[in-house]
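Take the sequences, apply the hints, and build the full model.
Residue numbers (my numbering), protein chains in the order written: chain A, 1 to 165; chain B, 1 to 425; chain C, 1 to 326.
These aren't lab readings, by the way, just hints derived from the structure by calculation. In this text, a Cβ means the ideal position worked out from N, Cα and C, and glycines have one as well. Hints may contain errors.
Stated by the list, open to error - The calculated lysine to aspartate or glutamate pairs, modelled on DMTMM-like cross-linking and capped at a C-alpha distance of 25 Å, are: (1) C:Lys-47 x A:Asp-82; (2) C:Lys-77 x A:Asp-64; (3) B:Lys-114 x B:Glu-134; (4) C:Lys-162 x C:Glu-196; (5) B:Lys-143 x B:Asp-97; (6) C:Lys-47 x A:Asp-63; (7) C:Lys-162 x C:Asp-227; (8) C:Lys-47 x A:Glu-84; (9) C:Lys-132 x B:Glu-102; (10) C:Lys-132 x B:Asp-272; (11) C:Lys-48 x A:Asp-110; (12) C:Lys-48 x A:Glu-78; (13) C:Lys-77 x C:Asp-33; (14) C:Lys-162 x C:Asp-82; (15) C:Lys-47 x A:Asp-64; (16) C:Lys-162 x A:Glu-78; (17) C:Lys-48 x A:Glu-84; (18) C:Lys-48 x A:Glu-21; (19) C:Lys-77 x A:Glu-78; (20) C:Lys-77 x A:Asp-110; (21) C:Lys-48 x C:Glu-36; (22) C:Lys-47 x C:Asp-82; (23) B:Lys-41 x B:Glu-418; (24) C:Lys-132 x A:Asp-82; (25) C:Lys-48 x A:Asp-63; (26) C:Lys-47 x A:Asp-110; (27) C:Lys-48 x A:Asp-64; (28) C:Lys-132 x B:Asp-97; (29) C:Lys-77 x C:Glu-97.
As the list claims (entries may be wrong) - Not close to chain C: a few residues of chain B, all C-beta gaps over 10 Å, as computed: (30) Met-1; (31) Pro-98; (32) Tyr-169; (33) Ala-372.
Stated by the list, open to error - To be clear about the criterion: a stretch of chain C counts as covered by chain B if any three or more of its residues have a C-beta under 8 Å from a C-beta of chain B, and this derived list gives those stretches: (34) 97-109; (35) 201-211.
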Amino acid sequence: MGDTELLIDAMAGQLRDLLTERSIADPVLVGIHTGGVWIAERLRQRLGITAPLGQLDVSFYRDDFSRVGVNPHIRPSELPFDIEGRHLVLVDDVLNTGRTVRAALNELFDYGRPASVLLAVLVDRGGRQLPIEANVVGTRMNPPDNQNVQLNGPDPLQLTFQTSS
Amino acid sequence: MHILIQGGRVIDPAHQFDAVTDVFVAVGRIAGLGQRPAGFKAERVIDASGHIVCPGLIDLCARLREPGLEHKATIASETRAAAAGGITTLVCPPDTDPVIDEPAVVELIRRRAKAAGHARVLTLGALTHRLRGERLAEMAALKEAGCVGVGDGGRPITNTRVLRRALEYAATFDLTVFLTPLDPELSHGLAHEGQVSTRLGLPGILAAAETGIIARDLELIRDIGVRVHFGRLSCARSVELVARAQAEGLPVSADAAIHHLHLTENDLLGFDSECHVRPPLRSQRDRDALRAGVSNGTLGALCSDHQPHESDAKCGPLGDTEPGISGLDTLLGLSLRLARDHGWPLMTLIERLSWGPARILGLPSGHLGVGAPADLCIFDPDASWRLAASHLRSRGQNSPFIGWELQGRVTHTLFDGELVYAYEA
Amino acid sequence: MTTTSIQLDRQGRLLHFLTTEGLSRRHLTEILDTAESLRGVAERRVKKLPTLHGKTVVNLFFEASTRTRTTFELAAKRLSADVLNLNIATSSAVKGESLLDTLRNIEAMQCDMFVVRHEQSGAAEFIARHVKPHIAVLNAGDGRHAHPTQAMLDVFTIRRHKPDFPSLRVAIVGDILHSRVARSLIHALSILGAGEIRVIAPCTLLPAQVESLGVQVFHLPEQGLRDVDVIVMLRLQRERMEGALLPSEQEFFQRYGLTEDRLALAKPDALVMHPGPINRGVEIDSRVADGARSVILEQVTNGIAVRMAIMSITLGNHARPDGEIA
Chain A
1 MGDTELLIDA MAGQLRDLLT ERSIADPVLV GIHTGGVWIA ERLRQRLGIT APLGQLDVSF
61 YRDDFSRVGV NPHIRPSELP FDIEGRHLVL VDDVLNTGRT VRAALNELFD YGRPASVLLA
121 VLVDRGGRQL PIEANVVGTR MNPPDNQNVQ LNGPDPLQLT FQTSS
Chain B
1 MHILIQGGRV IDPAHQFDAV TDVFVAVGRI AGLGQRPAGF KAERVIDASG HIVCPGLIDL
61 CARLREPGLE HKATIASETR AAAAGGITTL VCPPDTDPVI DEPAVVELIR RRAKAAGHAR
121 VLTLGALTHR LRGERLAEMA ALKEAGCVGV GDGGRPITNT RVLRRALEYA ATFDLTVFLT
181 PLDPELSHGL AHEGQVSTRL GLPGILAAAE TGIIARDLEL IRDIGVRVHF GRLSCARSVE
241 LVARAQAEGL PVSADAAIHH LHLTENDLLG FDSECHVRPP LRSQRDRDAL RAGVSNGTLG
301 ALCSDHQPHE SDAKCGPLGD TEPGISGLDT LLGLSLRLAR DHGWPLMTLI ERLSWGPARI
361 LGLPSGHLGV GAPADLCIFD PDASWRLAAS HLRSRGQNSP FIGWELQGRV THTLFDGELV
421 YAYEA
Chain C
1 MTTTSIQLDR QGRLLHFLTT EGLSRRHLTE ILDTAESLRG VAERRVKKLP TLHGKTVVNL
61 FFEASTRTRT TFELAAKRLS ADVLNLNIAT SSAVKGESLL DTLRNIEAMQ CDMFVVRHEQ
121 SGAAEFIARH VKPHIAVLNA GDGRHAHPTQ AMLDVFTIRR HKPDFPSLRV AIVGDILHSR
181 VARSLIHALS ILGAGEIRVI APCTLLPAQV ESLGVQVFHL PEQGLRDVDV IVMLRLQRER
241 MEGALLPSEQ EFFQRYGLTE DRLALAKPDA LVMHPGPINR GVEIDSRVAD GARSVILEQV
301 TNGIAVRMAI MSITLGNHAR PDGEIA
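Laid out in structure tokens, this is it:
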């Protein structure tokens with residue numbers, strides 16, 4: 001639906017303002033697989049960022065490895081640039097408990113030491129279990145716990161809602 | 001004691017007898033068949049209706065582990081297990097510790113068996129001193145002490161000059177020689193050399209390790225004229241060689257272990273150490289040929305090749321385990337299952353387990369003629385039951401047949417006219 | 001129960017890694033894809049992932065091998081696991097505890113994974129059958145039977161250069177009879193659909209009925225190496241001369257050694273592989289071992305990522321609450 005693209009427009013606008021505010025001239029976007037990467041690609045286009053896109057698969061950093069094991073659809077993390085001293089924008093589709101972002105931050109810091117990290121998410125659905133907040137939010141919502149919010153893609157991008165029994 | 005076995009189906013292969021009749025036992029002998037002998041007063045009556053009454057089984061090869069390996073089993077424990085399996089005579093190979101190369105050891109085994117009183121234990125004397133394959137053993141003395149034959153005890157003589165002399169010497173005293181057909185140099189392996197050993201990465205034992213030796217030994221027998229029995233054949237070609245020699249009139253006999261008629265190399269998949277045996281389990285073709293050989297009489301006997309082990313000996317990666325199956329408890333059940341599955345006449349099967357071995361050994365027993373020793377097995381041929389570890393009476397629990405369905409159940413065993421076993425439900 | 005079945009749980013997931021034989025293409029691909037993700041770790045500043053933090057991996061080596069043990073150790077450490085190295089002598093002179101007793105003693109130390117190398121075929125499976133349910137067993141080589149992690153790093157290496165398995169001709173040269181590497185690799189290649197698998201060796205070094213494994217047999221490299229895409233040279237051990245299997249290393253090199261001339265028989269872009277350690281001048285000419293077609297050193301690098309993948313997957317499967325194991 002065009003709605004999602006509109007939300008990304010909103011995100012791009014917020015992000016542009018924030019980067020200007022902080023005098024960040026040369027940011028690097030890093031998307032969290034899979035939805036975060038799709039959104040990061042679009043943000044990168046809209047903001048005319050030339051630096052290559054980074055991709056993170058946080059499976060090996062999850063705190064629930066003991067419960068769920070290795071993700072069979074794993075994809076390699078790729079950060080085609082040196083992190084040292086760069087300003088990063090971490091992008092994910094849905095922010096919920098905050099654990100995925102925690103894992104992503106741990107992984108980023110194993111690559112090197114960034115100057116700063118901003119967080120941009122398409123949907124903030126609340127339910128935080130860690131003290132983590134997004135700097136850029138496409139939309140906020142408060143669905144019941146048993147409702148799954150998911151981004152389908154890569155084209156067209158569409159948010160779906162599924163209630164599990 | 002006067003015992004009457006009433007109304008059983010008596011099968012006596014020696015006399016080709018198969019009929020429902022009564023058997024009269026007195027003073028350790030068969031006193032009569034069908035007709036009550038004069039002066040017979042039954043002190044005990046065994047109702048054998050619906051059961052089979054046959055000569056007690058004669059097991060051509062059972063290792064009782066005494067003397068020398070008492071941590072594995074003893075004469076008392078194993079003869080007790082034998083009795084429960086309908087086996088009244090066991091032949092003990094000479095590879096005890098000390099080896100049966102002097103009369104004192106023969107006497108020790110005889111006394112221990114007598115004290116236990118469950119079954120008859122016969123001994124094979126050693127062919128060579130200490131079974132080392134170098135000097136001859138005192139075969140004349142061993143025969144006089146009671147050995148029913150001489151053999152290599154699973155340690156084949158590799159020096160052919162010594163082998164020739166040993167065969168000639170044994171022939172002098174009219175002793176049957178029990179040989180293990182195995183070339184040690186081709187037998188440094190754990191499994192039959194074939195597809196399974198290749199897949200499992202187990203060093204293999206060629207069929208030629210057995211057949212080559214049989215072929216060579218047959219040539220020696222032809223020249224020397226000694227009576228030879230080959231123990232535990234495992235290859236199809238071995239059966240062929242023995243059949244041809246018998247057709248030519250050579251004094252050759254052979255047996256197979258019952259497990260070789262049921263299991264093949266495929267049973268080793270999963271590295272099951274219970275299937276680690278020597279000679280190894282071979283291909284289906286070999287197994288089928290062994291079955292045919294037993295059926296047509298080329299193999300005159302079926303034995304248990306009983307080798308009880310303590311659990312540690314079988315617990316480990318296959319190459320670290322000792323070979324051998326504990327077979328006394330399952331000899332009859334597995335044999336009857338074979339007969340049932342392949343339509344063999346009971347007369348034939350029972351012959352391979354009693355009269356056949358008796359003839360190979362030159363024994364007066366193994367039949368139910370009047371005057372014969374009263375060694376009898378009475379069993380229910382229709383009982384079918386699943387083998388559990390708790391059913392094994394031998395000290396050795398090492399059997400791959402646990403969980404298998406066995407045919408036939410021994411209800412009574414008489415040894416020397418005494419009831420040594422009675423089944424209790 | 002076969003070796004294959006005890007390494008899988010009821011849902012068909014890998015609990016142990018004992019042999020490549022009987023696994024599905026999906027199992028192998030999962031390992032290869034996970035290894036691909038892990039390959040980059042070695043190039044990062046922090047060469048570690050927190051995945052196995054708090055887990056203890058025991059290297060149970062009944063057969064000495066510094067290099068294999070080191071790669072497993074490195075793989076475990078890169079996943080933040082703690083590592084315990086136990087080298088247990090097995091010479092009959094030093095025969096002490098039974099294998100089972102050794103196992104029980106180590107289990108009492110609360111470990112999560114055993115990496116086992118043993119001279120007897122079937123040893124890893126024996127251990128897997130007897131360990132407590134929460135422990136994962138990795139086979140680092142059991143007798144002649146299997147060396148599945150080596151096979152996986154070999155196919156991983158091949159896939160990085162020539163991913164189209166059905167089009168590949170792979171030749172394995174040398175002592176096939178004694179080689180657990182060969183057996184595991186043959187199974188893995190079959191499962192991945194390799195076009196043709198060839199074994200090249202003198203008769204003395206070929207196992208009985210080896211064709212039953214799904215390979216074509218060649219006795220001379222001049223025929224067997226024609227147009228192959230991958231050549232895997234196996235290590236020749238000194239003992240083979242004593243066992244009357246070969247007359248000399250010289251003759252072996254003369255007739256089977258991978259020289260530049262023999263390499264030229266293969267496709268121009270053929271890969272040269274060797275599980276290591278290489279015997280220069282016996283299996284392979286130095287110029288070939290160090291040449292442009294050789295990926296021998298890459299195999300070593302890949303070995304760590306592949307082992308990290310296998311460790312993660314098996315331990316991860318042990319953890320699942322919906323599996324058999326708590």
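Hints, verified against the model:
no. : hint                  : in the structure
1   : C:Lys-47 x A:Asp-82   : 15 Å, holds
2   : C:Lys-77 x A:Asp-64   : 19 Å, holds
3   : B:Lys-114 x B:Glu-134 : 33 Å, violated
4   : C:Lys-162 x C:Glu-196 : 14 Å, holds
5   : B:Lys-143 x B:Asp-97  : 19 Å, holds
6   : C:Lys-47 x A:Asp-63   : 19 Å, holds
7   : C:Lys-162 x C:Asp-227 : 14 Å, holds
8   : C:Lys-47 x A:Glu-84   : 16 Å, holds
9   : C:Lys-132 x B:Glu-102 : 51 Å, violated
10  : C:Lys-132 x B:Asp-272 : 20 Å, holds
11  : C:Lys-48 x A:Asp-110  : 8 Å, holds
12  : C:Lys-48 x A:Glu-78   : 16 Å, holds
13  : C:Lys-77 x C:Asp-33   : 20 Å, holds
14  : C:Lys-162 x C:Asp-82  : 36 Å, violated
15  : C:Lys-47 x A:Asp-64   : 21 Å, holds
16  : C:Lys-162 x A:Glu-78  : 22 Å, holds
17  : C:Lys-48 x A:Glu-84   : 18 Å, holds
18  : C:Lys-48 x A:Glu-21   : 36 Å, violated
19  : C:Lys-77 x A:Glu-78   : 22 Å, holds
20  : C:Lys-77 x A:Asp-110  : 15 Å, holds
21  : C:Lys-48 x C:Glu-36   : 15 Å, holds
22  : C:Lys-47 x C:Asp-82   : 15 Å, holds
23  : B:Lys-41 x B:Glu-418  : 16 Å, holds
24  : C:Lys-132 x A:Asp-82  : 45 Å, violated
25  : C:Lys-48 x A:Asp-63   : 15 Å, holds
26  : C:Lys-47 x A:Asp-110  : 8 Å, holds
27  : C:Lys-48 x A:Asp-64   : 18 Å, holds
28  : C:Lys-132 x B:Asp-97  : 39 Å, violated
29  : C:Lys-77 x C:Glu-97   : 29 Å, violated
30  : Met-1                 : 49 Å, holds
31  : Pro-98                : 23 Å, holds
32  : Tyr-169               : 34 Å, holds
33  : Ala-372               : 48 Å, holds
34  : 97-109                : holds (count 3)
35  : 201-211               : holds (count 4)
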